[in-house]
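**Student:** The primary structure of each chain is shown beneath.
Protein chains: 2
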Amino acid sequence: MRSSLIAMEVSNAKNTVLWRGSAAIDGAKEAVAYLRSLGKKVVFVTNNSTKSRDTYVKKLVGQGIPASIDDIVTSASACAAFLRKNEVKGKVYVVGEAGLAAEVTAQGFENLGLEHNGITEVPQPFTVDPQIGAVVIGLDRAISYYKLSYAAVSILNNPGCKFYATNTDATFPVDGAILPGGGSCVAALATAVGRQPDAVIGKPSQVLLQTILSTHNLDPARTCMVGDRLNTDIEFGRLGGLKTLLVLTGITTQEEMEAIDNDDQRPDFYVESIDAINQLAK
Amino acid sequence: MRSSLIAMEVSNAKNTVLWRGSAAIDGAKEAVAYLRSLGKKVVFVTNNSTKSRDTYVKKLVGQGIPASIDDIVTSASACAAFLRKNEVKGKVYVVGEAGLAAEVTAQGFENLGLEHNGITEVPQPFTVDPQIGAVVIGLDRAISYYKLSYAAVSILNNPGCKFYATNTDATFPVDGAILPGGGSCVAALATAVGRQPDAVIGKPSQVLLQTILSTHNLDPARTCMVGDRLNTDIEFGRLGGLKTLLVLTGITTQEEMEAIDNDDQRPDFYVESIDAINQLAK
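Chains A and B, in that order, give the protein sequences.
Residue 1 is where the first sequence starts when you use full-length UniProt numbering, and the numbers rise one by one after that.
Residue 1 is where the second sequence starts when you use full-length UniProt numbering, and the numbers rise one by one after that.
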């Protein structure tokens, strides 16, 4: 079992643990290098299901943080691994974007969904491929009534068809606005089929944590979750028995953290930014 | 105050109070004619927000049931009347179909939404018309991420912007399948904005009933709701203090009705079909 892990939030929200807008946070690359020099495994974690892990590798490398695809876990890659681990039979219907479809393909599943983008007519009678054994849904900015219908009818009409969500984040911050997140797509489908997903993969769900721990053979007692959001990142670490470190460069503000009235919701540690880790090296 | 009303469910579900598929139910036109001969006002009610009231007039007339636009109340027409009654200021953003947009226009509101059909790119920064004072949402088979985003940002960023749903039916039965209903669209938006609608208009909401009663000056104590679905039609009538008559030609089966274990959910009367009313004339 590896000595320890630092899992870090790297969503493509504007401000997060490692970057602020498109710029790296001062000291971020040095902090990651320092942790690695101590023999710690650093895993980069995000609930974003729309981008491939390669995209994150490129972004990290571009900011001077060496990374390979195995260092990255997204809600899409963990969802695809979960399909494999749960021995899903048949094809997979994807209501999501290219990053999710690519991960499902990489796990060996024939999948459909992307090729339905742009279909505006719902034929009657409405039928679906009877071989679809699971529907996976995340943020899909090409969502349509046809795709929602196809997913709903697969779940309702195909015996044993599973229903998995990559994540249930309600919103997705972009420049100047808060837009609907994966949770909005999931809510539409859950309402149509009259039940919640059989599993939600992303933070704070422990499905994602178990995927990370087992993939990298890590000991939760010697692992720290570093995140910028109390109700996903820190909750995720707390539920899994990890130590938790909140950084104040992202979503949660110091005021919000100090306003916590339940000790159970407080991170073990907090720092202004990831740069604080470099102080330990001095 | 008019002596009484019979409000009848006329959704475009396959089987309902007045038709089964595209065929009229035997005795339906005679039953309506008989009730009218007794001086009773018959109002035709549906939660379907996608079709214009004219469409229902044509369908009824085509089946030998004389009807004018004022005899029809849809969740769309009632929603538009509700906007007017609540003195909504500014423009209205419609996540819905042509029937809803037409009703909103008919109430004098400048509205947008339909012209956003087919937009696939979400620009950044994302901005909305600051004059939008209300978002109305129902079943929209041209729903898109752009329209959901436009609606969400209007609600979140425009001070005082109202959020109304025509109806929250989870599903919509079509030939051979159950497809997502207006409730699915509403759930997506409610999740994104982090709150439920300020009002839901359609059955079983009493907003719709109040619209009917006040428009036609009717006494609820002398009014009967005739419907084919326990959890919308019959609930709607019960909540409003109307008498209720369940017909078994639509969604609810005799077995389901007999399985009710709570007296409060039972209709006052039930008959196999609307044709039973003709027995009263003999």
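Hints in this document: simulated from the structure, not taken from any laboratory.
Cβ coordinates follow ideal geometry from the N, Cα and C atoms, glycine included.
One or more of the hints may lead you astray.
[What the hints assert, rightly or not] Estimated spans, in silico, between C-beta atoms of each pair: (1) B:I119 - A:E255: 52 to 60 Å; (2) A:K14 - B:P130: 46 to 54 Å; (3) B:T105 - A:P125: 52 to 60 Å; (4) B:I119 - A:Q196: 24 to 32 Å; (5) A:Q124 - B:A106: 25 to 33 Å.
[As the list claims (entries may be wrong)] Some chain B residues judged to face chain A by a derived CB distance under 10 Å, without partners named: (6) Y34; (7) L114; (8) T127; (9) S144; (10) Y145; (11) A151; (12) L179; (13) G183; (14) A192; (15) F269.
**Student:** Confirm or reject each hint.
**Tutor:** Outcome of the hint check:
1. A hinted range of 52 to 60 Å for the beta carbons of B:I119 and A:E255 is inconsistent with their spacing of about 38 Å.
2. The given range of 46 to 54 Å is broken by A:K14 and B:P130, whose C-beta atoms sit roughly 23 Å from each other.
3. For the hinted restraint 52 to 60 Å between B:T105 and A:P125, the CB-CB distance of approximately 34 Å leaves it violated.
4. Distance hint check for B:I119 and A:Q196: the Cβ-Cβ separation is about 31 Å, which falls inside the suggested range of 24 to 32 Å.
5. Here the CB-CB span from A:Q124 to B:A106 is close to 29 Å, well matched to the stated 25 to 33 Å.
6. The interface hint given for B:Y34 is violated, since its Cβ lies 34 Å from the closest Cβ of chain A, which is over the 10 Å cut-off.
7. Interface restraint check for B:L114: the shortest CB-CB distance to chain A comes to about 13 Å, outside 10 Å, so the restraint is violated.
8. Annotation: B:T127 was flagged as interfacial toward chain A, and the flag holds, the nearest CB pair being 7 Å apart, inside 10 Å.
9. At a threshold of 10 Å, the smallest CB-CB gap from B:S144 to chain A is about 7 Å, leaving the interface hint in force.
10. For B:Y145, the interface hint holds, since its Cβ comes within 10 Å of a Cβ in chain A; the closest pair sits about 4 Å apart.
11. With its C-beta approaching chain A no nearer than about 9 Å, B:A151 sits inside the 10 Å limit, and its interface hint holds.
12. Satisfaction of the interface hint for B:L179 is found here, the shortest Cβ-Cβ separation to chain A being roughly 5 Å, below the 10 Å cut-off.
13. Taken as an interface hint, B:G183 checks out: its beta carbon lies about 5 Å from the nearest beta carbon of chain A, inside 10 Å.
14. At its closest, the beta carbon of B:A192 sits 4 Å from a beta carbon of chain A; the interface hint therefore holds under the 10 Å criterion.
15. For B:F269, the interface hint is violated, since its Cβ never comes within 10 Å of a Cβ in chain A; the closest pair sits about 29 Å apart.
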